[in-house]
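Visitor: Sequence:
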Amino acid sequence: MTKLFIGGIPFSLTNEKLKELFEKYGTVSSAQIIMDKYTNQSKGFAFVEMPNDTEAQTAIKELDGFGLEGRKIGVSVARPREDNRGGYNQNRNNNSYSGRDNSKRGGGGSFLRGSHRR
-14 MTKLFIGGIP FSLTNEKLKE LFEKYGTVSS AQIIMDKYTN QSKGFAFVEM
36 PNDTEAQTAI KELDGFGLEG RKIGVSVARP REDNRGGYNQ NRNNNSYSGR
86 DNSKRGGGGS FLRGSHRR
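So that you can map any letter, position 27 of the sequence shown is 12 in the working numbering, and since no number is skipped, the others follow by simple counting.
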């Protein structure tokens, strides 16, 4: 099974049309255009799964750089997804925003500074 990444697809392309395009080169298990979860519009890329590796390589060779509705699409073997979900402040270390060890910070003075002076 080979999973392909397709970039630069027209925003009007449907899953069905994408599948039809790749079926010219072999069996397609799935064709999924990635949609924005807020706008429900295409993000301009998709994934296609093909069970036969030779057919997938043929599809890459024939369709990478292919003109589709005025756009050139890019087709390549998809890379495994990196586990970077969550997004915000991934390098955070035990609630330390600066990356330093806050357990050895110096103490402060009295809350009421200057109250000990007369």
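Keep in mind the hints are simulated off the structure, nothing from the lab. Any given hint might turn out to be false.
[Unchecked claim] Okay, the calculated beta carbon distance ranges per label pair:
1. Gln17 with Arg56: 29 to 37 angstroms
2. Lys46 with Asp68: 27 to 35 angstroms
3. Thr24 with Lys46: 32 to 40 angstroms
4. Tyr23 with Glu47: 16 to 24 angstroms
5. Lys9 with Lys(-12): 28 to 36 angstroms
6. Asn25 with Gly59: 22 to 30 angstroms
7. Asp68 with Ser(-3): 31 to 39 angstroms
8. Glu47 with Thr24: 25 to 33 angstroms
9. Arg56 with Asp21: 29 to 37 angstroms
10. Asn0 with Ser61: 17 to 25 angstroms
11. Glu5 with Ser61: 18 to 26 angstroms
12. Lys22 with Gln42: 16 to 24 angstroms
13. Lys9 with Gly55: 18 to 26 angstroms
14. Ser(-3) with Lys22: 24 to 32 angstroms
By construction, the Cβ of each residue, glycine as well, lies at the ideal position given by its N, Cα and C atoms.
Visitor: Give a verdict on every hint.
Guide: Here's how the hints hold up against the structure:
no.	hint	result
1	Gln17 with Arg56: 29 to 37 angstroms	violated (18 angstroms)
2	Lys46 with Asp68: 27 to 35 angstroms	holds (31 angstroms)
3	Thr24 with Lys46: 32 to 40 angstroms	holds (34 angstroms)
4	Tyr23 with Glu47: 16 to 24 angstroms	violated (35 angstroms)
5	Lys9 with Lys(-12): 28 to 36 angstroms	violated (18 angstroms)
6	Asn25 with Gly59: 22 to 30 angstroms	holds (24 angstroms)
7	Asp68 with Ser(-3): 31 to 39 angstroms	holds (32 angstroms)
8	Glu47 with Thr24: 25 to 33 angstroms	holds (32 angstroms)
9	Arg56 with Asp21: 29 to 37 angstroms	violated (18 angstroms)
10	Asn0 with Ser61: 17 to 25 angstroms	holds (19 angstroms)
11	Glu5 with Ser61: 18 to 26 angstroms	holds (20 angstroms)
12	Lys22 with Gln42: 16 to 24 angstroms	violated (32 angstroms)
13	Lys9 with Gly55: 18 to 26 angstroms	holds (20 angstroms)
14	Ser(-3) with Lys22: 24 to 32 angstroms	violated (19 angstroms)
When the structure is compared with the earlier hints, violations turn up for hints 1, 4, 5, 9, 12, 14 and for no others.
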